[in-house]
Amino acid sequence: MPDRTAVLNRAPSRGGNVRAMARLDPQALVTHIDRLYRVAWALCGSREEAEDLVQETAARVLAKPRQLHGQDELAYLVRALRNTFLLTRRTRSRRPHEVATLDQVEPAERRGTGLPEVALEARELFAAIAALPDEFRHALVAVDVAGLSYREAADLLDTREATIASRLYRARERVADAVSPRTSGGRAGEANAPARSLR
Amino acid sequence: MMDDDMTHEQTPPVDPPEALRALEDVVAPDRLRLAVAQQVAAAQRAHAPERRLRGRLGGLLAAAGAVAAVLVLLGLFAGDLLGGGGSGPDVRAVAPVALRAPSQPAPAARPGGELLAAQAGPIAFPTWRRSGWHAVGARSDTIRGHDVRTVFYADAAGRRIGYAIADAQLPVEGGQVVTRRGAQLRVLDRGATAVVTWRRDGRTCVLAGRGVPIERLLTLASYAA
Numbered sequence: 001m002p003d004r005t006a007v008l009n010r011a012p013s014r015g016g017n018v019r020a021m022a023r024l025d026p027q028a029l030v031t032h033i034d035r036l037y038r039v040a041w042a043l044c045g046s047r048e049e050a051e052d053l054v055q056e057t058a059a060r061v062l063a064k065p066r067q068l069h070g071q072d073e074l075a076y077l078v079r080a081l082r083n084t085f086l087l088t089r090r091t092r093s094r095r096p097h098e099v100a101t102l103d104q105v106e107p108a109e110r111r112g113t114g115l116p117e118v119a120l121e122a123r124e125l126f127a128a129i130a131a132l133p134d135e136f137r138h139a140l141v142a143v144d145v146a147g148l149s150y151r152e153a154a155d156l157l158d159t160r161e162a163t164i165a166s167r168l169y170r171a172r173e174r175v176a177d178a179v180s181p182r183t184s185g186g187r188a189g190e191a192n193a194p195a196r197s198l199r
Numbered sequence: 001m002m003d004d005d006m007t008h009e010q011t012p013p014v015d016p017p018e019a020l021r022a023l024e025d026v027v028a029p030d031r032l033r034l035a036v037a038q039q040v041a042a043a044q045r046a047h048a049p050e051r052r053l054r055g056r057l058g059g060l061l062a063a064a065g066a067v068a069a070v071l072v073l074l075g076l077f078a079g080d081l082l083g084g085g086g087s088g089p090d091v092r093a094v095a096p097v098a099l100r101a102p103s104q105p106a107p108a109a110r111p112g113g114e115l116l117a118a119q120a121g122p123i124a125f126p127t128w129r130r131s132g133w134h135a136v137g138a139r140s141d142t143i144r145g146h147d148v149r150t151v152f153y154a155d156a157a158g159r160r161i162g163y164a165i166a167d168a169q170l171p172v173e174g175g176q177v178v179t180r181r182g183a184q185l186r187v188l189d190r191g192a193t194a195v196v197t198w199r200r201d202g203r204t205c206v207l208a209g210r211g212v213p214i215e216r217l218l219t220l221a222s223y224a225a
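Residue numbers (our numbering), protein chains in the order written: chain P, 1 to 199; chain U, 1 to 225.
With the rest of the complex left out, here is chain P:
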């Protein structure tokens, strides 16, 4: 049964975009940019690499008109992003490590909220997600970060909905464990939650 309690709400534009042979509107990349960025960061574990991954995905998607084949826009884009991630990771593993010819000095990142605590928490979360075993990570990213349904996630990962549910359960447990030392004890309403859960 699809989980409609995904952490991140779907964009309002998602609902009407399922058309059997509709073409992908390139503007969907702009509409879903925040979500794609979060997915990329969760996959890469690095926001710099996430930016590169989103841009690389956009370049590939925009290279020619794309048919949605019954998917909605977000599911299509998440699939494209994941494929690009897997492709670049394979390519990188075969290529000698490149050393930048100039020392890279990047300015401090501006976070969307401007709250350092939020930025720190997000970084820890993304690190925890990126550290998950691949199968757990891809399930959690598809459902909790991208906001796909169990069915869409199962399609994306070429597995069964039950498997998605199982992997998601374990992935959420591990993420909760990983971040619990920092976040436990400070939230209202946690008294009734299981000891290791952040719920």
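Fair warning: there could be bad hints in the mix.
Reference listing, derived: stretches of chain U covered by chain P, where coverage requires no fewer than 3 residues with Cβ under 8 Å from a Cβ of chain P [unchecked claim]:
id, region
1, 18 to 26
2, 32 to 46
Below, a sample of chain P positions facing chain U; criterion: calculated Cβ distance under 7 Å [what the hints assert, rightly or not]:
id, residue
3, D25
4, L29
5, I33
6, C44
7, E51
8, A58
9, R60
10, L86
11, L87
12, D144
Treat the hints as calculated values from the structure; they're not laboratory data.
Just so we're clear, the structure is a prediction, and the values are computed from it rather than from any experiment.
All C-beta atoms, glycine included, are put in the ideal place defined by N, C-alpha and C.
We have chain P already, so just place chain U on it with the hints.
Just chain U now, with coordinates in the frame of chain P:
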């Protein structure tokens, strides 16, 4: 498989951890938003003629168009072989333009605040306001038959840089190729005058400034490339 033997019924229902809600506050950086918006705009322009052709005239004219396109490409290729590409300026001839004085007022920012109401072909000039720069002027030049559009920016310290875009891929030699955020950039000069160049959408972009660290230019260039 890691845990695929666990059935859906055996999986206890569980909501996402509360901590994951922190991810909702994570938004794409403005530079990424700008870069993707520019990619999308460029793609839409590139695909627009194809859509019009297909929609209005059908396959026959499309085939004729393809033949014409091949002829145009052959013509361009022949032009290059005959030296047409080599008779124009190279990037080093364009760089000084980015260091000249503005001759036009600064373009206004477009709604949204990330792009200026000035562009060279498909490439809109950025405001770079979030990086601490603001547009102070512009100019338009023709260098050996190539249009070069330049926007000048200044920072709080009064340093000025020029972002010039030539209407063709100009030849360039020397310098040092570096990669920033996936963008390939070429550093032509890193002394008192710093010059970075890159290619985009069939055009040549040059970013130059005096007394500006090369890393500042590379960072800005990586946002625009």
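Restraint check, 7 Å cut-off on beta carbons, for I33/P near chain U: Holds, because the Cβ-Cβ distance from I33/P to chain U comes to roughly 5 Å (cut-off 7 Å).
Cut-off 7 Å, beta-carbon criterion: hint that E51/P touches chain U: 5 Å, holds
Stated coverage of the region 18 to 26 of chain U by chain P [criterion: 3+ residues, CB within 8 Å]: Satisfied; 9 residues make the cut.
Cut-off 8 Å, C-beta pairs, minimum 3 residues; does the coverage of the region 32 to 46 of chain U by chain P stand? It holds: at least three residues are needed, and the region 32 to 46 of chain U offers 10 whose Cβ sits within less than 8 Å of chain P.
Hint check, C44/P versus chain U [nearest Cβ-Cβ separation less than 7 Å]: 12 Å, violated
Would the stated hint for R60/P survive a check requiring a Cβ distance to chain U of less than 7 Å? 10 Å, violated
How about D144/P: closest beta carbon in chain U under 7 Å, or not? At about 5 Å, which falls below the 7 Å cut-off, the nearest Cβ of chain U leaves the hint on D144/P intact, so it holds.
Would you check whether L87/P satisfies its interface hint, that is, whether its CB is within less than 7 Å of any CB in chain U? 14 Å, violated
Given D25/P was flagged as interface, is its beta-carbon under 7 Å from a beta-carbon of chain U? 9 Å, violated
Regarding the hint that L29/P lies at the interface with chain U, is the smallest CB-CB distance below 7 Å? Cβ of L29/P sits 5 Å from chain U, so the hint holds.
L86/P as an interface hint toward chain U, with CB separation required under 7 Å: With a minimum Cβ separation of about 17 Å from chain U (threshold 7 Å), the hint on L86/P is violated.
Does the interface hint hold: is A58/P within less than 7 Å of chain U, judged Cβ to Cβ? Interface hint status for A58/P: holds (5 Å vs cutoff 7 Å).
Hint compliance for this structure: hints 3, 6, 9, 10 and 11 are broken, all remaining hints hold.
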